[in-house]
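K.L.:
If you read the protein sequences in the order shown, they are chains A and B.
Note that the first sequence covers residues 1 to 332 in my numbering.
Note that the second sequence covers residues 1 to 347 in my numbering.
Just so you know, these hints were derived from the structure itself, not from any lab.
Among the hints, a few may not be true.
[Unchecked claim] 25 Å max Cα-Cα, derived PhoX-like pairs, lysine-lysine:
#1 B:Lys72 to B:Lys137
#2 A:Lys218 to B:Lys335
#3 B:Lys112 to B:Lys63
#4 A:Lys132 to B:Lys335
#5 B:Lys112 to B:Lys72
#6 B:Lys78 to B:Lys63
[Stated by the list, open to error] Computed from the model, here is a short list of chain A residues facing chain B with C-beta under 7 Å:
#7 Phe121
#8 Val128
#9 Leu149
#10 Asp263
#11 Gly288
[Said to hold, decoys possible] Okay, the calculated beta carbon distance ranges per label pair:
#12 B:Tyr336 to A:Phe14: 46 to 56 Å
#13 B:Gln119 to A:Gln163: 21 to 31 Å
#14 B:Glu88 to A:Gly272: 45 to 55 Å
#15 A:Ala11 to B:Ala331: 31 to 41 Å
#16 A:Ala11 to B:Leu324: 46 to 56 Å
#17 B:Glu239 to A:Ala11: 48 to 58 Å
#18 B:Asp133 to A:Pro69: 22 to 32 Å
#19 A:Gln292 to B:Ile115: 25 to 35 Å
#20 A:Ala81 to B:Ser292: 38 to 48 Å
#21 A:Phe90 to B:Leu324: 44 to 54 Å
#22 A:Trp105 to B:Tyr336: 57 to 67 Å
#23 A:Gly76 to B:Glu239: 34 to 44 Å
#24 B:Ser56 to A:Gly176: 43 to 53 Å
These numbers were taken from a predicted model, which means no experiment stands behind them.
Positions of the beta carbon are idealized from the N, C-alpha and C atoms, including for glycine.
Here is what each chain is made of, one letter per residue.
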Amino acid sequence: MLRQLAAAPVAAAFRVVEAPFRWAQSAFGMRPMPWLFLAPNLLIFGVFTFLPLIINFYYAFTGGVQLYPSERPFTGLDNLATLFDCTNHFNPSTCRKDLFWRAIWNTAQFSVLQVTLMVAFSLVTALVLNRKVIGRGFWRGVFFYPVLLSPVVVALIWKWILQREGLLNAAMVGAGASGVEWLTNASWAMFWVIFVSIWAHMGFYTLILLAGLQAIPKDLYEAAQMDRASPWRTFSRVTLPMLMPNLLVVCVLALIRAVQIFDEVFVLTGGGPGSATTFIVQFIYQTGFMEQIRLYGMAAAGSLVLAVVLIVLTLIQLRIASAGRAGAGNDG
Amino acid sequence: MVDFLTRRRGGRRLDWTDWVTYGYLASGLLLMFGPVLWLVMSSFKTESALTEFPPSLLPTGPKMVAVTGVDKPRPLFKVTLPDGSVRELAELRRIGLTATMVDPAHPETEIKVPIDQRQPIRAFGLATENYTDLAGKFAFGTYLWNSVFITVIATIFTLLFNSMAAFALSKYRFSGRKTVFLLILSTLMVPPTIVLVPNFLVVSELGMLNSLWGVIWPAVATPTGVFLLRQYMLTLPDELLEAARMDHASEWRIYWRIVLPLTAPALAVLAIFSVMWRWNDFLWPLVVLSKSEKFTLQLALNAFQGDLVTQWNYLLAMTVLTLLPVTVVFAFLQKYITQGIASAGVK
C-alpha cells in the first residue's frame, strides 16, 4: 500500500531529474557525467564550507559591527592582537579579553580530564563487555544508549537531578549530609560538566574499543595461556599493544570533540557560574551572536584559533590512522 | 542452593571476576538508564508533587478532594482528633501550627486541628495533563513539525546527494577524481563550529535566516556520508554497469535502477545517522532560527529551561517526547547502529 502510494511521486521525480542527465549525456557523451553527479555535493560544500572558510579568514582581520564583509573596515591583526594581549597568559585576569583566556584554560582543563577519564572508563567497559557475559548485545546497548540522546535532552536530564531540590540532594540529605548547590559552585560545576559529557559519549568510544578488542587474534591468547602468563601479563603484553592503534585514535577523536564542547554545557550551566564552565565555542557564540554589540571579527578570530588547534589534532589523527588501521569520525 | 545457581556449563563455577563483571554491568545499567527513568517518572508528577523535597520515587502526590464552596481541590489528611477518633479531613487553610479543616461530606462545620495531629494522605496518580496540555499551552505542534520537517527533508537530500557523489567517485575514472575525494574528506576538518560567523552571513545573504531551509541546506552534504557510501559502492561489480550500458541504459538510470537499490544496506545506515544528527542538532539551528515559531524541539527545550520561572512539569514532559523517537529507533535498530559505528567509526 505504502509502496504504491510512494511509487507515483518517486517515478515523477525520477523523470524530472533524469531529463538533464539524459540531455547532457546525449549532447556531450560520458565526459561530464561524473561531474554532474558530483555537482550538488560540491555546490553545497563550496557554499557552506569552503566559501565560509575564506570569509572567516577575512572576517578575522576586520573590525566594526557590520555583517557584510565589504562594509567592514580592514584592521589587520588587531583582533588577534587583542585576543592575545596578556601580561601573563596563564592568568586570564591580566588579559584584555579575559573571557577568551578563561575559555582557553577551561577548555584545556576540561579536555585533558574528560578525555583521560572517558577513555579509561571506555576501556574498562570494553574489556568487561569482551568477557564471556550473558546478553552482551543488551549490555552494549545500555552503555551506548545515551550517545543517541540530544545534548539538550542530556543536559536537562542531569539538570533535573542536580538542581537544588533534586534527586542527588535528596540522597545526600537521606544519607545525613546536607545538600550542595552542584551547578552554582564553580568546582562542582566543572566536575559535573565533565561527568555528564563522559556519561553522554563514552558508549561511542566503548564500541570502537570493543571492536578493536574483538579483532585481536584468539591464538595470541592461547599462546599466552600455554606459557601460563598471568592475566595482568596477558593484558599488558598482548591486549594493550594490540589495542594501541585503536586507543590512540580514540584519544585523538575524543580530544577533537572535547575542544569543541558546547551544547550540553550551554544548557546545563550556561557557562557559569560566572565563567567557570565557559569554553571556546561558547566564547565564539557569545561574542558573535549573544552580545548587544556583535563583534563578528573577534568571534572569527576566535574561530581561527580553534581551527588551528583542530587542524593540528586532525593531522595527528591522520598520521596515526595511516600508521594503523582505523576509522575517521565527525558529526556529519 | 548457591552451588546450583552458580554452576555453569563445563563445570566451572562463577569466580570472583564474574561477580565483579556483573556488578560493573549492573551499576552501569543503573547509571546509564537510571537518570532517564527518573526523568520519565518525574514527567508524570503533578506540579505540586514536583516541588516536594525529598521527592517521592513514584508519581505520587497529596490526595486532593473537591470541597463544595471551594473552587480548587484541597489536600486530604488523616487527622487524629482529641477524642482519639481518626477522620479524613480536607485542609482549607493553615495559619502557623493550626489548620482549618473540614470533612468533605459536611463542608459546613470547620474544625481547627494542630498540624502535628495529622498525616497527609498520598495517592498514586499519573499527571497525564503534563502531556495533554502541551498542545494547547505551548506551540508544541509547531516545534514538533519543524523538527520533523528538517529531519525528514534533510535526510532525503543527504541520501540523494551523497549517493550521487559516491557513485561518481566509485564508478567513474576521470582526471581529478582523487582530488575531489580528498577535498570532500578534508571537510571533516571543518566542523560547523569554526565557520559559525561566515555561515551566518552566507545563510542570511541567501535569505534563509529564520527559515528551516537555512538549517537543511548546509547539512545535506556530509563527508561521512560520501565516504560510507563510496566504500560500499566500490564492492559492487562493474560488470553490472557494463551490461546495462550495452542495453543503452542512461547513466542516471544505471545509478537509480542498479546502483542505488544494491546500496540499500549502506543507505539504511546513513539514513539512521542522518535522522539522529538532524533531530539532535543544536548550535547551528540556534544561530539560524531566532523566531520562536521556527524553533525546533531542541531550541524550544532550551528556551523553556532558560525561563525565569521554569515550569518543570511541562519541560519534563516535552523532554520525554523529544527523546522518545530516538529511543524507539534505537530499540529497533540497535544492531545496525552499533555495527555501522564499529565498521566506519561514524557518529
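K.L.:
Does the alpha-carbon distance linking B:Lys78 and B:Lys63 stay inside the 25 Å limit?
P.N.:
This hinted pair holds, its Cα atoms lying about 11 Å apart.
K.L.:
Between B:Lys112 and B:Lys72, does the CA-CA distance stay at or below 25 Å?
P.N.:
20 Å, holds
K.L.:
Should the hint that A:Phe90 and B:Leu324 are 44 to 54 Å apart at their CB atoms be regarded as holding?
P.N.:
47 Å, holds
K.L.:
Could you tell me whether the CB distance from A:Ala11 to B:Leu324 stays inside 46 to 56 Å?
P.N.:
At roughly 34 Å between Cβ atoms, B:Leu324 and A:Ala11 fall outside 46 to 56 Å, so the hint is violated.
K.L.:
May I ask you to test the interface hint for A:Leu149 with respect to chain B, counting a Cβ-Cβ separation under 7 Å as satisfied?
P.N.:
6 Å, holds
K.L.:
Please check whether B:Glu239 and A:Ala11 have a Cβ separation lying inside 48 to 58 Å.
P.N.:
27 Å, violated
K.L.:
Just to be sure I understand the hint, the distance between the Cβ atoms of B:Ser56 and A:Gly176 should be within 43 to 53 Å; is that true here?
P.N.:
Once the Cβ atoms are compared, 20 Å apart, the range 43 to 53 Å for A:Gly176 and B:Ser56 is violated.
K.L.:
Within a Cα-Cα threshold of 25 Å, do B:Lys112 and B:Lys63 meet the stated pairing?
P.N.:
Since the Cα atoms of B:Lys112 and B:Lys63 sit roughly 20 Å apart, the hinted pair holds (cutoff 25 Å).
K.L.:
Quick check: does the Cβ-Cβ distance between B:Tyr336 and A:Phe14 fall within 46 to 56 Å?
P.N.:
With a Cβ separation near 27 Å, B:Tyr336 and A:Phe14 fall outside 46 to 56 Å, so the hint is violated.
K.L.:
Tell me if the straight-line CA distance from A:Lys132 to B:Lys335 falls inside 25 Å.
P.N.:
Holds - the C-alpha atoms of B:Lys335 and A:Lys132 are around 19 Å apart, at most 25 Å.
K.L.:
A:Ala81 and B:Ser292, beta-carbon distance inside 38 to 48 Å?
P.N.:
Holds: the Cβ-Cβ distance is about 39 Å, inside 38 to 48 Å.
K.L.:
Go through the hint on A:Asp263 and say holds or violated, using the shortest Cβ distance to chain B against 7 Å.
P.N.:
Nearest chain B Cβ about 4 Å off; hint holds.
Checked against the numbered hints given earlier, this structure breaks hints 7, 12, 16, 17, 18, 19, 22, 23 and 24; the rest are met.
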